[in-house]
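Construct all of the structure, not just a fragment, from the sequences and the given hints.
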Amino acid sequence: MPKVIENVGCPYCGCSCDDVRVTVSDDGKKVLEVENVCAIGTEIFKHGSSDHRIRKPRLRQPDGSMKDITYEEAIEWTAQHLYKAKKPLMYGFGSTNCEGQAAAARVMETAGGMLDNCATICHGPSFLAIFDNGYPTCTLGEVKNRADVIVYWGSNPAHAHPRHMSRYSIFPRGFFTGKGQKKRTVIVVDPRYTDTANVADIHLRVKQGHDYELFDAFRMVVNGHADDLPDVVADVPKEQILEVAEIMANARFGTTFFGMGLTHSDGRNHNIDIAISLTRDLNKVAKWTIMAMRGHYNIAGPGVVWSWTFGFPYCLDLTKKNYAHMNPGETSSVDMAMRDEVDMFINIGTDAGAHFPIPAVQHLKKHPWVTIDPSINMASEISDLHIPVCICGVDVGGVVYRMDNVPIQFRQVIDPQGLLDDETLLNKIADRLDELNAQGA
Amino acid sequence: METVTMTLVQHPELYLECYSVTPDLFAGKSLAEIADLPAHEGKIVWKLGDFFKFDGKSGATAAETRIIVNGDVHKMKRFGQQMTAGEILINSAADMYVGCWMRGGKITVKGNADAFLGIAMEGGEITVEGDATNHVGSAYRGDWRGMSGGLIRVKGKAGNDIGTAMTGGTIIIEGDAFIHVLTHADGGTVIIKGDVEGRVGGQMVKGDAYVLGKILYPLPGFKKVATVEKECDGQTYTFDQYIGDLGERKGKKKGEVIYGNIYLKA
Amino acid sequence: MSELIIKNGYVFDPISGIKGDKADIAIKDGKIVDKVSAKAKSIDANGKTVMAGGVDIHTHVVGPKVNLGREMRPEDKLFRGSVRGGIVKQGKRMEMGFSIPSTWKTGYSYARLGYTYVNEAAMPPLMAPHVHEEIRDTPIIDISAMPVFGNNWFCLEYLKNKEIENNAAYIAWLLKATYGVGIKCVNPGGTEAWAWGENCVNIHDPVPYFDITPAEIIKGLIESNEYLGLPHSLHLHGNNLGNPGNYTDTLDTLKLAEGYKAKNKFGRTQVIHNTHLQFHSYKGNSWGTFGSAAKEVMDYVNKADNITIDLGCVTLDETTTMTADGPFEHHLQSLNHLKWANCDVELETGSGIVPFVYDKDSAVVGIQWATGLELGLYAKDMMRVFITTDHPNAGPFTRYPRIIKWLMSNKARLATLDSMKGKAKVIAATDLASMDRELNLYEIAMMTRAGPARALGMSNMYGSLAAGADANIAIYDLDAKKLPTDPELIEEAFSKTAYTIKEGVIVVQGGEIVAEPPNHTVWTKVTMPENTQVMRDIKEKFTKSYTVNLENYAVFDDHVYRPRAIEVDVA
Ligand code: SF4
Ligand SMILES: [Zn+2]
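Chains as they are written, first to last, in the working numbering: chain A, 1 to 441; chain B, 1 to 266; chain C, 1 to 571.
Hints may be right or wrong, so weigh each one.
[Claimed, not checked] Taking lysine-lysine pairs in the DSSO-like style, the calculated list, with each CA pair at most 27 Å apart, reads:
1. C/Lys496 with A/Lys321
2. C/Lys89 with A/Lys86
3. A/Lys46 with A/Lys3
4. B/Lys47 with C/Lys89
Hints listed in this document are in silico derivations from the structure and should not be mistaken for laboratory results.
Rendered as structure tokens:
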């Protein structure tokens, strides 16, 4: 008899929906059906029980081929190389549960290396802005229950977060928002006419790379300097700025959701920083919150876990062993790879092979490269060692943090069939490093 | 003033952290003791003597100690970290954090200096004869207390984040700068002798920017109030004076609102 | 079986009434016992002070807002001493942060101060799994956490309709769902109002839409608490925190407890614990006329034996304020203009974070500092008055030794007062300069272990050296018969224990971490008949208003680490 498992978390985007229904085979090894989930989420569950899954670690041989080895051998190889490296880097965690991220922190502290997560190439600038200006935010339920004005700025949930608008922001009927979309004003700020802009009441086509100026203009209006506004700011006419500022200032509860359109254009963190300043201004006259559209279902996780562990969310330099240091621009993965500043690389739960600039990959490739990932990807194919692990949310459960930093408890749906989860694997590597350190001391 | 000359004999494989190279730590030590000071390359703790040979002698105090660094040290960071007095002369390019958290004394870099030059500097003087990159005299991440005193002069160009969250002191960039000059500043002066792409004075509470070239994309939050004659790095020019950032909060002094200023050469 | 005996120390144990006499303390299998065999390992405490392990009744050490504070303040980890945090690695993990230490530093630091059990003062229920992840990663010290109820929609609705039984049943359900220990209430109604950008500034200011007053919420929560007979009382952070002249609101709030009597089997006597009273005891009507109302407030507290309080002393440091009082933090950032985080949590609560520099040269700060100490010095029953800094709000908990020094030494207080630029104003606006009371070690033991343990309803386990209690013990290098004349030495002795023992294991020796046994999660397990009405209400709210499914809301059992339940039966 197939079993139905309910309230399953979707291991794909930052919405971290927890209402998926998965039907699995009697033996608990196959996913038969997935409901309530976007296409891409379905793919992940199906992949979990695919016959083509790699189930054994593979080590590159002198002739370039990959040979299956045991987990014990893979753990030994990784620990030895971490021990020898002067400045190893572990990077990734786009698809790892928090238990695994905590174990990774232990590994890199023990190894004396660098530890970083995918935020470094997506929402790292948001962290920098939070450092400098704070983060007036809320949970997604507050938006659902209260928000009457929604701004998507440089973000396009229609593509990147398929159920964001229906579950949390525009369409749901919440406690104080019983009329749903009818009583909400939706504003999209984006140089492109996106599918999200298509459902908006107002679309501001800001000049690419000049969002900062537009924020400054809004702040002038909120702070009583509307008269000094130029006629056009960042391609947006003054009348439209005044109109939107008016809507924002009269909101009962407003939320700005921002995305890579801000983090990936010139000034990066400053675009978010001034967005936060605007949110602060608006709280003098209305109630406003702001939220980063984090990409993956637990990419908020490493920032949370490492903050309680070390006090920093990403770009960690643990080489001093007594204390941690962080300074993106110096300790960020891509910068270090471009400068050829690390001498070992562990790619975990992501694909640096595909996402890093080519010169960065070339530098990293000169040194030992381990990929820890359930799947075959570009990183695994150029690795010296590929260690397959459980897929979080499929073969193993655990805590993940949704884009609003709400912890969601994910469930295991199928039998891992001998695969280790990240936490177990990493703790074994750390145990082995402890032994090596003790011998070396 | 006594001089210690350190000459590179071995390049590091990765990057070396030369936080021990300061007049404060050299003062009163023998050459052997100086050669014994630590330097990190990743997790490996080396001694300065593993990379440099030392000649001369140090003074009794930091103020009486000059350090000359010879050889190509562009893969070495943190020269002059937290130094309070004395001098360092680097005869090549240097990597990040030259003069970081510096409190006094003088540093000269003959080549380029990489990011975080003089961050959170409190006093003293840094001269870079080549280019600088990003975060010249800016604050450490999250700190609202950036550069508060001293002088940084870059003879070439610079990148973004010049004087972020600055509260005092002066930065002079003789070439061009990219974006974000005096962002979040609450005091201090930045002079750009070349052109700036944009975002001068964004979220600035207080402070003075002088631009002798052009600002390609001026911020809407600055408005022109006057044309004035002003001295700038020893020369007098006619400037258009802009006040702002009108989007940012403003303080008051004796009942009058205090603005940040941009002086743009007329 | 492991046995330990601590010999010849000066023992201070208010629970068993030992007031500094020389005595031996015997330990077997992690518990205090009457005697041990001759084979027991012995610790010589001759010339030293022996107390039960410290108990912190109100601290913010684990959970989402604490952690956002860590995340948003990299500069809190900047140079302090020769390395960051000033501490070289001594335990298994590195120690980071000053005002908001990492979880490892938190556990190690408390242990070095001789504390072995702390109570996290605010757990947003929706975020409970986060709190428990951090408890897992905090070494040595036992931790409990109080879910917040004062702005929770269920409570607002039940209490508006005076449905105490239903409210109590919901509370019992939520304590289980979050593995929480008791009822916390922060700015009742005010944080819900803040979700619309408003506040409730006094106890009669109605909550928008819900049409209930803070006074009704507080009384309803007291009644629910006593209906259940929980180990701890209602733990209250009242309205109008931090503002000049707020002491009248504080007195109005405290008076709500009149006529209520504690009903429980745990030896607890109070019905309200009013936390960080310092922030609620101000006179004046502006920052210019700001002053201390410690005397007025303590005159009331001294008489009302169904109230306990903690001080919330200002330590004169750069720190990080953080509270579920969202509107207060918004107000604070408008005063100091520093970075500001806020997080409103659906249906439940909110929070805010702002760094703050308690500059001792500011007269207002000096007055706050004096107010906190005055509260302690005006107190009559030290079993009802506890030392805290509302960590990290008024300063980090690592400064407790300094608070103890100030309370024990008039000389130390005057020296600090003398160093303030606004000294004259502080003297004019407070009584501190004229108060020469110096607390003794027995009183300190009441304020830091016996008292808080009793108020939490746990004095059979914590804060006690009586047989049967957990063998949690602090031994300080302090000769109780010859206290040093230099007050700095008092601070030093309380900063690093000679020994800290946690459940019979020596965890600190000579101020250094030597072992890190696993800690416990302390929580309250209420057994009562199922309330179908409440279960229906819960289902409905999850279907309609929450964004997390009910089945994923309660913390999974395997996400709670080494739980230790306090059992309560409600017939
Ligand atoms: S919105 Fe995201 S998390 Fe939700 S089901 Fe779709 S892909 Fe999964
Ligand atoms: Zn508190």
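So which of the earlier hints does this model not fit? Result: no hint breaks.
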